[in-house]
Amino acid sequence: MRRTTQGVERSLSQRPVRHAQLPGISCLRLREWSRLHVSSAHGRDGISSDSPGIANRMDWTSHHAAPARPGPSEMSRQIVVIGAGVGGLSGAVRLARSGFAVTVLEAREEPGGLASEASYDGFSFDAGPYILLDRPGLEWSFEALGLDLTAEVQLIRIDDVYEVESLDGSKVVFYSDVEKTAGGFELKWPGSAKPYKKFVRKMERISRALRPMLQVSRPGALGLIRSGAWLHAPFLVRSLAAVLSDSGLPRPIVEAMAIWTHVAGQTKSQAPSPLAFVPALMHSVGPYYPKGGIRCIPQVLEQAAIAAGVRFRYSTKVTRIRTKDCSVLGVETERGEFIPAAALLSNSAALQTYLQLLDSPAPALTKRLATLPLQSPGVCAYLAVRGRVTPPYLAFKLGEGNQRCRLLIRASLFDSQVMDGYVPARLLAPMDYAEAERVGPAGQASYLDQLLEEDWWRRDLDDFRVLAKRTAEQWGTQYHLYANSMNPVMTGKFMRQGRVPHRSPHVRGLYLAGSSTHPGQWVSFCAISGILAADCLIKDLN
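Per numbering that gives the first Met the number 0, the very first residue in the sequence shown carries number 0; after that it's consecutive.
Hint data in this document are derived by calculation from the structure and do not stem from the laboratory.
Since this is a predicted model, take the numbers as computed values, not measurements.
Hints should not be assumed to be uniformly reliable.
When the alpha-carbon atoms are kept at most 16 Å apart in a straight line, the in silico EDC-like pairs for lysine to aspartate or glutamate are as follows [stated by the list, open to error]:
#1 LYS267 <-> ASP431
#2 LYS396 <-> ASP358
#3 LYS193 <-> ASP167
#4 LYS187 <-> ASP167
#5 LYS290 <-> ASP176
#6 LYS323 <-> ASP358
#7 LYS197 <-> ASP167
Pairwise CB distance ranges, derived in the manner of DEER restraints [what the hints assert, rightly or not]:
#8 TRP455 <-> GLN416: 45 to 55 Å
#9 TRP229 <-> LEU166: 18 to 28 Å
#10 ARG507 <-> GLY121: 29 to 39 Å
#11 GLY439 <-> PRO189: 45 to 55 Å
#12 THR266 <-> GLU453: 21 to 31 Å
#13 LEU540 <-> ARG495: 24 to 34 Å
#14 ALA361 <-> ARG76: 49 to 59 Å
Idealized CB from N, CA, C, for every residue including glycine.
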């Protein structure tokens with residue numbers, strides 16, 4: 000594979016012997032191979048075309064010239080997928096295995112989007128997501144793609160999950176074991192164990208009843224009735240604040256259960272009630288971390304796509320979706336190339352797709368989407384730390400006043416990387432989108448520097464090194480985010496509206512996947528979204 004004006008392309012015909020084991024593409028085997036062939040001294044971000052990291056990555060595939068323009072009969076099966084995030088990858092596999100000719104165009108040099116890998120000074124990190132709370136959803140997605148999750152990715156159950164430290168230094172600790180968690184609560188807040196376990200059982204029951212709705216493109220009221228889950232409709236119209244208030248639990252426990260609203264950019268009153276399922280999922284199906292990192296999931300999906308005949312073109316940024324009479328014609332790239340398509344599956348952010356890429360957006364839709372509140376990726380520091388690293392895996396610290404939480408990810412608890420006694424860790428903090436935009440790159444960098452000076456996260460460490468920093472603006476630039484945001488804030492109202500539909504109601508032949516679509520922004524949800532969007536496309540074109 001070589002870099003040309005046509006971008007970087009991969010297909011199964013270029014694969015080395017290691018793909019002969021497909022469909023059993025073990026992520027562990029993939030990482031083992033990549034460590035031999037990819038220079039660990041070069042990160043994935045901002046890498047130049049003559050970088051050794053890119054050169055080594057090109058060893059296992061070669062460039063194919065762009066095919067001739069397809070004839071009319073072939074054209075009806077030509078699909079372009081914009082973006083190789085988790086949703087784009089799962090959608091590409093689904094489409095290719097249904098007989099479509101699929102080309103994935105990705106602006107970056109690797110798959111995964113925010114779930115990809117970041118490498119600094121020999122350490123590999125997950126760029127973004129850090130925990131899997133919905134193993135059943137990921138299993139469903141892999142099965143729908145003809146893959147076996149257990150065979151592809153070794154999932155490690157996280158026993159010591161997270162703690163939330165208040166300003167006074169007191170901590171609320173959550174384990175995957177409900178009895179251990181409730182027992183800890185009982186010691187600090189006598190009488191709290193029983194209502195906590197009752198709350199968890201209730202959320203688990205509702206979660207099971209509503210799970211089929213995750214696998215339907217547009218659930219709606221009719222979907223609730225058909226599935227028998229209509230009894231829980233009142234639950235869905237409530238806020239997280241109302242649901243947690245009904246638990247009768249002490250305020251510190253309630254605040255600790257709601258910590259995920261800090262990450263998602265919501266208040267408890269804005270947040271959807273299903274966010275209350277997190278403790279139930281944690282204690283039932285369990286929280287997991289893939290051996291080798293979250294990044295293994297898009298890596299496995301990419302290999303499955305190549306095996307299914309999908310063609311990938313990396314370093315190929317789409318700048319325009321061309322339409323005629325409200326029907327898709329194809330896409331234009333930043334090099335001025337036009338690529339025709341019978342249909343498009345966009346894994347680019349939904350707002351980016353409609354507000355920036357589409358050549359003729361509907362005015363009413365544009366106005367509605369432009370008013371949605373946005374979620375900032377916040378700031379992050381990639382660290383090498385030395386000293387005593389103890390559970391739990393995730394350490395949250397509440398901020399003062401209206402400040403959102405901080406989070407230390409103790410990656411070394413599940414990662415065997417060690418260099419001169421140093422192990423990897425990540426320190427991050429979400430930011431309010433409006434505040435991040437107001438202070439700009441300099442203010443974001445200053446905020447991250449303040450976090451690094453705080454004592455709470457390094458009390459037990461002998462030393463640490465800051466390997467790299469990312470501000471919200473850098474996230475936006477390096478990952479081609481819309482307006483430096485990951486997606487609209489996932490409020491309860493946005494959820495009840497069905498988020499952004501997988502099948503565009505405005506442009507024929509346009510389909511959308513990713514965190515702005517149903518069922519949401521977890522890694523498993525993004526994988527599901529790609530399959531649901533692909534199924535809409537398959538139904539329409541067949």
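C-beta pair TRP229, LEU166: status relative to the range 18 to 28 Å that was hinted = violated (43 Å)
Holds or violated: LYS267 and ASP431, Cα atoms, limit 16 Å. Holds: LYS267 and ASP431 sit about 14 Å apart, inside 16 Å.
Check whether the Cα positions of LYS396 and ASP358 lie no farther apart than 16 Å.
Not OK: LYS396 and ASP358 at ~45 Å, beyond 16 Å, violated.
Would you check the hint for LYS187 and ASP167, treating anything up to 16 Å between C-alpha atoms as holding? Given pair LYS187, ASP167 holds - Cα atoms ~15 Å apart, limit 16 Å.
**Verdict for TRP455, GLN416 (Cβ pair) under range 45 to 55 Å** = violated (24 Å)
Check whether the Cα positions of LYS290 and ASP176 lie no farther apart than 16 Å. Status violated; Cα separation ~21 Å.
> Is it true that the C-beta distance of THR266 to GLU453 lies inside 21 to 31 Å, as the hint says?
Replying inline: 24 Å Cβ-Cβ, so the 21 to 31 Å window holds.
Notebook entry, point to check: Holds or violated: are the alpha carbons of LYS193 and ASP167 at most 16 Å from each other?
Noted result: violated (26 Å)
Is it true that the C-beta distance of LEU540 to ARG495 lies inside 24 to 34 Å, as the hint says?
-> holds (30 Å)
- Task: Could you tell me whether the CB distance from ARG507 to GLY121 stays inside 29 to 39 Å?
- Result: violated (49 Å)
Tell me if the straight-line CA distance from LYS197 to ASP167 falls inside 16 Å. violated (29 Å)
* Using the C-beta atoms of GLY439 and PRO189, is the stated range 45 to 55 Å upheld? -> holds (49 Å)
Figure legend: structure checked against the earlier numbered hints; hints not met, in rising order: 2, 3, 5, 7, 8, 9, 10, 14.
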